[in-house]
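Numbering (the UniProt record's numbering), first residue to last: 1 to 147.
I should point out that these hints are in silico values taken from the structure, not numbers from a laboratory. Do not take every clue at face value.
Stated by the list, open to error - Cβ pair distances, simulated, as ranges:
(1) Arg64 / Arg93: 27 to 33 Å
(2) Lys5 / Arg66: 29 to 35 Å
(3) Arg64 / Leu6: 36 to 42 Å
(4) Ala58 / Arg32: 39 to 45 Å
(5) Phe88 / Arg64: 26 to 32 Å
(6) Leu6 / Tyr62: 34 to 40 Å
(7) Gly35 / Glu68: 40 to 46 Å
The beta carbon of each residue, even a glycine, is placed where N, CA and C say it ideally should be.
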Amino acid sequence: MTNSKLFEKILIATDGSEKNKSAVEEAVKIARACGSTVYAVYVMDESLMKSAIEVPIAEDLYRRIRDEGEKAVNRVKESAQGVNLETFILSGRPARVITEFAEQKAVDLIVVGTQGKSGIERFLLGSVADEVIRTADCPVLAIKSRK
């Protein structure tokens, strides 16, 4: 009998927000219990960058979004001490990039927060979690933010 893990590979989709913290914590808890490899993924939304027309503005916006991504995956690193973790900052449409990455890495579980960015960003971008749930080829665990 082979020793198989329930979830060998878990993808944590993070936006770095405080509301996403519950999803990160839950994913790390599952990874510890299963001995999983974890991929922490932050996606720089290309639609935000394309909206910056002037080159200096676009470069500054790219740098700021990239810095935000670094902070987001570093927060996951802090939470995931002792877990086999790889971090990635990717670019594109968030839900599509998350599901394509999960497929490429043969991920067994995607963990997303149901409440990340809010306000106008959520209105413009729609719900990444909803789209990931609808389009992913593997199970998706959607975690509500704890109040």
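Ascending list of hint numbers which this structure does not respect: Hints 1, 5 and 7 contradicted; others consistent.
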